[in-house]
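*Asks:* Single-letter residue listing:
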Amino acid sequence: MGSSGRGGPPEGGDRAPRPPDGLRAASPQSGLIGGARRSGGLYGGLPSRQGPPGFDARVLELGDELRREGLAIGTSELLDAFDALSEVGWAEPVAFREALATTLAKSQEDRRVFDALFDRFFFRAVEREAVEKGLTERRLSADGEDDGREIDFDSLREAVRAAIRGGSDGEMRDLARLSIAALGRRGEGSGVVGVDVQRIRRSLGLRGDPAGEAEARGDPEAVPTERLREFERHLRRELERESVERTRSLPPARPLRELDRALPSAPLQDLAAVHRVAAQLKRRLATQQRAAGGRRRTHVVDVRRTMRASLETGGVPLRLHHRPRRPRRPEVYLLCDVSTSVTSASVFFLSVLHALHDAFRKLRSFVFVERISEVTELFARERSFEAISRAIASDAGVADVSGYTDYGRVWLEFLAETVDDLGPRSTVIVLGDARTNGREPHAAAFGRVAERAGRTFWMNPEPKLYWNYGDSVMRAYEPYCDGVFECWSTRQLETFVNALTSTRVAAP
Amino acid sequence: MIRIIPRAIIGRERSTCPSTPTAKPIASRIKKGFGETSGTGRERGLRPKYPGPVPAEVASAEEMAARLAEAGYLAGESAALVTYLATRLGKPVLVEGPAGVGKTELAKALSRATGRRLVRLQCYEGLDEAKALYEWNYRKQLLRIQAEAADAGWERVQDDIFGEEFLLSRPLLQAISDPEPVVLLIDEIDKTDQEFEAMLLELLSDFQVSIPELGVIEARSQPFVLLTSNNSRELTEALKRRCLYLWLDYPDVERELEIVRLHAPDLGDTLARRMIEVVHMVRALDLKKPPSIAESIDWARALLLLGAEELDASVFERTMSIIVKHRTDLDVVADRVGVKLASDGLLGTRRTA
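These protein sequence lines map, in sequence, to chains A and B.
Residue numbers are given in my numbering: position 266 of the first sequence equals residue 258, and the series is strictly consecutive.
To convert, take the position in the second sequence, counting from 1, and add 3; that gives my numbering.
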């Protein structure tokens, strides 16, 4: 693909003059511009037809990439981006990046995705040039296959640490290469760049130290986290570069989401999709509640509006205006199993939990294994998905001794905690596999929960086929629920939303 | 600095600014009927047709940073650039970030730096258009009816009572009807309902307000709009779409040191640095309310007042309530940072001994 592209200028290529080849190979900036005219097939799934020449097309491609990562980028954002670019000198990397970021990435999460993608995108532009030109880099003599073993590990480790603590960017990059040569098992890595990066980091014994505390303790192993991230970025880049050289093609663009958002493997990893469904869930609940509340009005006269309306009738208040009832916010109680029997599904649970928290205003969430623990405050405080999973794992206090789920106890505790708050307006949603590990299911207690709450739904991450086999006691709980759903994919979550909103509120 | 006195007559000639020939009564800008707005903001082109929010001589992001610094605000690179871009593109800026990183202060500094009046709208749950945008002064309308009912014809009264004379303008309408461009700060937008956000859309993209009885009121000058949010809920896509986005985070040690030096210049260099390092240490803990920049400035001033020479465990213990304001947080901080300071002190004495 590379050599054919190098031949005559492609269609439309004569409109923009080409810089001399030497220049294009030398500077990344020229690589960016030149890259736009290349066939898009190399570039992770873009249509293989010839893109229009020039830099504008590259920005559009970037927008397209961002869309695929779940950012909502409309034409108006892109137009803004071009407006902004015309105001800054875009030969300056920082200004260029910031101008694009402020117009395209409209939340902190978006910004994180943008930063990750921006690097890769423009890094790829250079790499693509290299692939097409058939350029390879001659490796340092130290990292050939033969003398790779002769690298002294301790001195390498020391050098890396020193560079992370205070070395220049270039030094870090060189050492990243050296580390890959020494530890990367060239050509037989795991195939996933993120995994290789972490393996190399571990073998070098590098540990992050966010608060700068370890240094004071005299722990020589820990290095500042920020700098460590920097080093990992270098590792990632070099590994990618290596894989580009090895396979003569660019790595696929898609895995960014999995790698950089660090979601463990689960049936459903598409956080953006979960967010979408959760937003829909919220909107439908809200409109339904409002419709229900619309028939009964509180009769509080709104003086201001009545007076205003009376002006039409010469100051005589013929028509009374009542203060509108504030739309009642749905009260949702979400109970989420985080035990080991559902480890793979718990990630999915957590993302649902997280997404719902963003969407609802009145929502109390609980996680449970043997005991139940309210995590509403944690979500109110923390917005990063990773931090939340960490916090739940470390100090939610939901596991006692065995680490096995005890549904019976959970109901009793939940009932004790929320007995006064549960009412006909409450919706209780349970996420769990109903596997009690042979313990007393206390279905009656669950029954009392369901009785007090307006509606109760159960979402089970296991396929329906497995329900009631082994220690699953779905049967015991099912009669009390207004609906039970299997839920291990986005589509099923959507089905759940539909069912949830079509069911009328049970009369109290 | 903040004027929230509702002016009953927004279109009157202002004797204070005779030099602005554009200052005509608001009625001339009112268009009867709807749907005939002068096109979207995009069609108007890059340069707004109203007096721009910032003097033309601010020609680069660096200059914006310098001006903000003059006004006592040390802006980070991205903050200066986004502010500059917003003034050039005539778009609102949505500023998000943790509490106490200087989101509101940015608007104030901008108002000082550009010599523009600051109009502030503090958002809260239940804020509606009557308090944010405009309201009919119904008492006055009633009086008018009573006064004229006897001898005036129906037509006249009807025309009169929905005139601008009876309009109470609230901060948003004030901001766009001022002939001088202002800095409009919509603070903590995340505290309002989504309905209110929707109401803002027309104002933010077209700088106009539709009043059913009156028609469309267009801006006489384009305000520089800053919206702040503490991220307590997701804002709607529609609102975000109309804004430039700026994420402000806690500054790094060096920049916070500069900020503190700016506000407490008499504090010794080593003490200031030590103090900021401790603040950063405290922020890295998992606290309910991490210390803000304003609080580190307060702390610096307190240390000055106390005449503290160095930041040891006892000084820290006595003054840490300035930066930590939760019972549980106090315990955590005393536990981690206080102990560390104490051990540092020991090390220090050993070293000198």
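A couple of the hints might just be wrong.
[Unchecked claim] Calculated lysine to any residue pairs in the SDA-like style (CA-CA distance at most 20 Å, straight line):
no. : chain 1 : residue 1 : chain 2 : residue 2
1   : B       : Lys143    : A       : Ala301
2   : B       : Lys292    : A       : Ala383
3   : B       : Lys134    : A       : Thr368
4   : B       : Lys134    : A       : Val293
5   : B       : Lys143    : A       : Leu370
6   : B       : Lys291    : B       : Pro101
7   : B       : Lys143    : A       : Val308
8   : B       : Lys292    : A       : Phe371
9   : B       : Lys134    : B       : Pro101
10  : B       : Lys291    : A       : Phe371
11  : B       : Lys194    : A       : Thr368
12  : B       : Lys291    : A       : Glu405
13  : B       : Lys143    : A       : Phe371
14  : B       : Lys143    : A       : Thr305
15  : B       : Lys143    : A       : Lys456
16  : B       : Lys328    : B       : Glu280
17  : B       : Lys328    : A       : Glu369
18  : A       : Lys456    : A       : Asn429
19  : B       : Lys111    : B       : Glu191
20  : B       : Lys134    : A       : Val308
21  : B       : Lys143    : A       : Arg297
22  : B       : Lys134    : A       : Asp294
23  : B       : Lys343    : B       : Arg321
24  : B       : Lys143    : A       : Ala383
25  : B       : Lys343    : B       : Glu313
26  : B       : Lys194    : A       : Phe371
27  : B       : Lys143    : A       : Asn429
28  : B       : Lys292    : B       : Tyr253
29  : B       : Lys292    : A       : Leu370
30  : B       : Lys328    : B       : His283
31  : B       : Lys143    : A       : Glu369
Keep in mind that the hints were calculated from the coordinates and are not lab data.
*Asks:* So, for every hint listed, does it hold in this structure?
*Replies:* Here's how the hints hold up against the structure:
{"no.": "1", "hint": "Lys143(B) - Ala301(A)", "in the structure": "holds (14 Å)"}
{"no.": "2", "hint": "Lys292(B) - Ala383(A)", "in the structure": "holds (17 Å)"}
{"no.": "3", "hint": "Lys134(B) - Thr368(A)", "in the structure": "violated (32 Å)"}
{"no.": "4", "hint": "Lys134(B) - Val293(A)", "in the structure": "holds (19 Å)"}
{"no.": "5", "hint": "Lys143(B) - Leu370(A)", "in the structure": "violated (51 Å)"}
{"no.": "6", "hint": "Lys291(B) - Pro101(B)", "in the structure": "holds (12 Å)"}
{"no.": "7", "hint": "Lys143(B) - Val308(A)", "in the structure": "holds (15 Å)"}
{"no.": "8", "hint": "Lys292(B) - Phe371(A)", "in the structure": "holds (14 Å)"}
{"no.": "9", "hint": "Lys134(B) - Pro101(B)", "in the structure": "violated (27 Å)"}
{"no.": "10", "hint": "Lys291(B) - Phe371(A)", "in the structure": "holds (12 Å)"}
{"no.": "11", "hint": "Lys194(B) - Thr368(A)", "in the structure": "holds (18 Å)"}
{"no.": "12", "hint": "Lys291(B) - Glu405(A)", "in the structure": "violated (26 Å)"}
{"no.": "13", "hint": "Lys143(B) - Phe371(A)", "in the structure": "violated (49 Å)"}
{"no.": "14", "hint": "Lys143(B) - Thr305(A)", "in the structure": "holds (16 Å)"}
{"no.": "15", "hint": "Lys143(B) - Lys456(A)", "in the structure": "violated (68 Å)"}
{"no.": "16", "hint": "Lys328(B) - Glu280(B)", "in the structure": "holds (19 Å)"}
{"no.": "17", "hint": "Lys328(B) - Glu369(A)", "in the structure": "holds (18 Å)"}
{"no.": "18", "hint": "Lys456(A) - Asn429(A)", "in the structure": "holds (18 Å)"}
{"no.": "19", "hint": "Lys111(B) - Glu191(B)", "in the structure": "holds (15 Å)"}
{"no.": "20", "hint": "Lys134(B) - Val308(A)", "in the structure": "violated (25 Å)"}
{"no.": "21", "hint": "Lys143(B) - Arg297(A)", "in the structure": "holds (15 Å)"}
{"no.": "22", "hint": "Lys134(B) - Asp294(A)", "in the structure": "holds (15 Å)"}
{"no.": "23", "hint": "Lys343(B) - Arg321(B)", "in the structure": "holds (15 Å)"}
{"no.": "24", "hint": "Lys143(B) - Ala383(A)", "in the structure": "violated (58 Å)"}
{"no.": "25", "hint": "Lys343(B) - Glu313(B)", "in the structure": "holds (15 Å)"}
{"no.": "26", "hint": "Lys194(B) - Phe371(A)", "in the structure": "holds (17 Å)"}
{"no.": "27", "hint": "Lys143(B) - Asn429(A)", "in the structure": "violated (74 Å)"}
{"no.": "28", "hint": "Lys292(B) - Tyr253(B)", "in the structure": "holds (13 Å)"}
{"no.": "29", "hint": "Lys292(B) - Leu370(A)", "in the structure": "holds (13 Å)"}
{"no.": "30", "hint": "Lys328(B) - His283(B)", "in the structure": "holds (16 Å)"}
{"no.": "31", "hint": "Lys143(B) - Glu369(A)", "in the structure": "violated (48 Å)"}
Hint compliance for this structure: hints 3, 5, 9, 12, 13, 15, 20, 24, 27 and 31 are broken, all remaining hints hold.
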